[in-house]
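Novice: For the record, the sequence lines run as chains A and B. For the record, in the first sequence the residue sitting at position 2 is 2 according to the numbering used here, with numbers rising by one throughout. Numbers given in the numbering used here equal positions in the second sequence, counted from 1, plus 1000.
These are computed hints drawn from the structure, not numbers from a lab. Ideal Cβ placement from N, Cα and C applies to all residues, glycine included. Treat the hints with care, since some could be wrong.
[To be verified] Listing some non-contacts, in silico: residues in chain B with all C-beta distances to chain A over 12 Å:
(1) 1005
(2) 1028
(3) 1052
(4) 1056
(5) 1076
(6) 1087
(7) 1098
(8) 1181
(9) 1217
(10) 1282
[To be verified] In silico SDA-like links for lysine to any residue, alpha-carbon gap of 25 Å or less:
(11) 79/A x 128/A
(12) 6/A x 1001/B
(13) 122/A x 92/A
(14) 1060/B x 43/A
(15) 132/A x 1038/B
(16) 79/A x 107/A
(17) 1060/B x 73/A
(18) 1064/B x 1160/B
(19) 1060/B x 67/A
(20) 4/A x 1038/B
(21) 6/A x 134/A
(22) 6/A x 1131/B
(23) 138/A x 124/A
(24) 1094/B x 1035/B
(25) 1060/B x 92/A
(26) 1094/B x 1037/B
(27) 136/A x 3/A
(28) 71/A x 45/A
(29) 10/A x 1060/B
(30) 132/A x 1040/B
(31) 132/A x 38/A
(32) 10/A x 1046/B
(33) 4/A x 1108/B
(34) 71/A x 110/A
(35) 1028/B x 110/A
(36) 4/A x 1035/B
(37) 1094/B x 1112/B
(38) 79/A x 1063/B
(39) 1064/B x 36/A
(40) 10/A x 1220/B
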Amino acid sequence: MSIKLKALLKSPWVFHLSTGSCNNCDIEILDCLTPRFDIERFGMVLVGSIRHADVLVCTGSVNRKCIPRIKEIYEQAPKPVIVVAIGECSLSRGMFINSYNCPVPLDKIIPVDVYIPGCPPKPEAIIAGIAKAIEKIKANANKK
Amino acid sequence: MTMIFYFIFFGFFVSVTAGLLISWIDRKVTARLQYRVGPPILQPFTDIVKLLGKELLLPKGASKITFLFSPILGIISIMIVTTLLWLVNIWPQKTFFGDLIVVLYFLVLPSLGIILGGFASRNPLASIGASREMKLVMAYELPFILAVFVPVAKSGLSIKLGEIISYQSAYGAFISNWSGVLSFIVILFCVQAKLGLVPFDMAEAETELAGGALIEYSGPSLAIFKLTKAMMLFVLPYFIVILFLGGFNFNGLAAVRSLLGFVAIIVLIIVIRNTNPRLRVDQALRFFWGPMTILAILALVLAGRGL
């Protein structure tokens, strides 16, 4: 495994993008930063600008207004970037599946690496999902 | 040839290692004060390595040369300052006339780099951040320079760092007098503003400006800015140690004492950072041009009377 990838997995900086969510998933993401869960142990920091980020965390049912902005944000991120979809809404649109305003789930718009289901997922589930993703990327890199 | 070795070794490797370790201490102490565990010890090094491996993006319509040159301006000037301070501390007779003035000038350049980079990146938030940084520089420079001139006045009007150090090793550290204590308080707040730490971090306010002047920087250029910040976290307390505690002493018990003084300054900076909310830029200006300048002038007057 290259030193670049190793360093990336040891210090993923997270940018949080809400694509029209009901705020529940966002609160659970912020819970990960609290003393009980403290994801800074793993080097994860919430950053304000997409230019600084390595992980793009998306929540919410992807509505029509958001789609061009999601694409733009994804293009603005410095690669390599890991995309994480959090919550039932961004995975499969959840209860908004028949809505006129939510045409497609998130992974039809940008490539998604990690899916974390739940409405909203617990902070434990979010941390477990990220840890599994890191393990997967490590295993893939070792295979090559 | 030896000067290049000093520049690379003292200017870069020593200050980068020390600065990143101090920034780890900063993050760890912050975490412990919030009842968290905090990052592992190699975390700042990992961050830098990761940023160096990321993609470098140029924003559309930005001024390319200025955008890429401004981080280098900051890190080069900080490297020069570190080299000068180490040389003067190890060999006080190697000092030259006016090196204190040189250090003062070079300490402004990292802020100038942030301002240039912010304006060059063609982002409205970056422009706001850069203009705030500019106002902050204007605010803290006056009391900073007044406070720096207290040790100069006390060491018999010498603007050589080496003479300030040797004067203190002969007659005791300046912090043991009233004027020394007052100017030490002033310079501590000015250093806090120079470092851009919390009461004075309005230039890169994470929550309102989303990174401020650094918002468009990514990959290696952001890594250079982070390195400059980390090096300043080492260099500015070191500058205070030289001015007020008589520099680092390398033999026996005095070495432990000067190291303790250095650590105490860093702990003070971290505690101020963790116990204060962010000020608005006009409040910061009023704070520096009001109470801090008055304190610095008082310290100068006291120093003139030999107290």
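Novice: Would you mind marking each hint as holding or not holding in the structure?
Specialist: Checked hints:
Consistency note on residue 1005/B: stated as away from chain A, and its beta-carbon is indeed over 12 Å from all of that chain's, at 27 Å minimum. Remark: the non-interface label on residue 1028/B conflicts with the geometry, its nearest Cβ contact in chain A lying 10 Å away (cut-off 12 Å). The Cβ of residue 1052/B does not lie farther than 12 Å from every Cβ of chain A; its closest approach is about 8 Å, which violates its non-interface assignment. At the 12 Å boundary, the C-beta of residue 1056/B falls inside the reach of chain A, the nearest C-beta of that chain being 7 Å off.
Annotated as non-interface, residue 1076/B keeps its C-beta farther than 12 Å from every C-beta of chain A; the closest such distance is 23 Å. Residue-level check passed: residue 1087/B sits 33 Å from the nearest beta carbon of chain A, beyond 12 Å. Non-interface call for residue 1098/B relative to chain A: holds, since the shortest CB-CB distance, roughly 39 Å, exceeds 12 Å. Interface exclusion of residue 1181/B from chain A stands, the closest Cβ pair being 36 Å apart, more than 12 Å.
The non-interface label for residue 1217/B is inconsistent with chain A: the shortest C-beta to C-beta separation is roughly 6 Å, within 12 Å. At the 12 Å boundary, the C-beta of residue 1282/B stays outside the reach of chain A, the nearest C-beta of that chain being 23 Å off. With a C-alpha separation of about 24 Å, the suggested pairing of residue 79/A with residue 128/A holds against the 25 Å cut-off. For the suggested pair residue 6/A and residue 1001/B, the alpha carbons sit about 37 Å apart, so the restraint of at most 25 Å is broken.
With a C-alpha separation of about 18 Å, the suggested pair residue 122/A and residue 92/A falls inside the 25 Å cut-off, and the hint holds. With a C-alpha separation of about 31 Å, the suggested pairing of residue 1060/B with residue 43/A is violated against the 25 Å cut-off. A C-alpha spacing of about 21 Å is found between residue 132/A and residue 1038/B, which places the hinted pair at or below 25 Å, so the restraint holds. Between the alpha carbons of residue 79/A and residue 107/A the distance comes to roughly 18 Å, so the proposed pair stays at or under 25 Å and holds.
Distance restraint check for residue 1060/B and residue 73/A: the Cα-Cα separation of roughly 14 Å lies within the 25 Å cut-off, and the hinted pair is therefore satisfied. Distance hint between residue 1064/B and residue 1160/B is unfulfilled; the C-alpha atoms sit about 39 Å from each other, more than 25 Å. The straight-line distance between the Cα atoms of residue 1060/B and residue 67/A is roughly 21 Å, inside the 25 Å bound, and the hint therefore holds. A hinted pair counts as satisfied when its Cα atoms are at most 25 Å apart, and residue 4/A with residue 1038/B qualifies at roughly 23 Å.
This hinted pair checks out: residue 6/A and residue 134/A have alpha carbons roughly 10 Å apart, not beyond 25 Å. As the CA atoms of residue 6/A and residue 1131/B are separated by approximately 37 Å, the hinted pair breaks the 25 Å bound. Note on residue 138/A and residue 124/A: the hinted pairing holds, with a Cα-Cα distance of about 21 Å set against a maximum of 25 Å. Pair hint residue 1094/B plus residue 1035/B does not hold up; C-alpha atoms about 47 Å apart against a cutoff of 25 Å.
Pair hint residue 1060/B plus residue 92/A does not hold up; C-alpha atoms about 34 Å apart against a cutoff of 25 Å. Annotation: proposed proximity of residue 1094/B to residue 1037/B is violated, straight-line Cα distance about 45 Å (limit 25 Å). A distance of roughly 17 Å separates the Cα atoms of residue 136/A and residue 3/A; the hinted pair therefore holds under the 25 Å criterion. A C-alpha spacing of about 23 Å is found between residue 71/A and residue 45/A, which places the hinted pair at or below 25 Å, so the restraint holds.
For the proposed pair residue 10/A and residue 1060/B, the alpha carbon gap of about 31 Å is over 25 Å, so the pair is violated. At roughly 20 Å between alpha-carbon atoms, residue 132/A and residue 1040/B fall within 25 Å of each other, so this suggested pair holds. For the given pair, residue 132/A sits about 18 Å from residue 38/A by alpha-carbon distance, which is consistent with the 25 Å threshold. Using a Cα cut-off of 25 Å, the hinted pair residue 10/A and residue 1046/B holds, with the two alpha carbons roughly 7 Å apart.
Distance restraint check for residue 4/A and residue 1108/B: the Cα-Cα separation of roughly 33 Å exceeds the 25 Å cut-off, and the hinted pair is therefore not satisfied. Using a Cα cut-off of 25 Å, the hinted pair residue 71/A and residue 110/A holds, with the two alpha carbons roughly 7 Å apart. Between residue 1028/B and residue 110/A, the direct Cα distance comes to roughly 36 Å. Violation of the 25 Å bound is thereby established for this hinted pair. Distance restraint check for residue 4/A and residue 1035/B: the Cα-Cα separation of roughly 32 Å exceeds the 25 Å cut-off, and the hinted pair is therefore not satisfied.
Using a Cα cut-off of 25 Å, the hinted pair residue 1094/B and residue 1112/B is violated, with the two alpha carbons roughly 29 Å apart. For the proposed pair residue 79/A and residue 1063/B, the alpha carbon gap of about 22 Å is at most 25 Å, so the pair holds. For the proposed pair residue 1064/B and residue 36/A, the alpha carbon gap of about 44 Å is over 25 Å, so the pair is violated. About 17 Å separates the Cα atoms of residue 10/A and residue 1220/B, which keeps this hinted pair within 25 Å; it holds.
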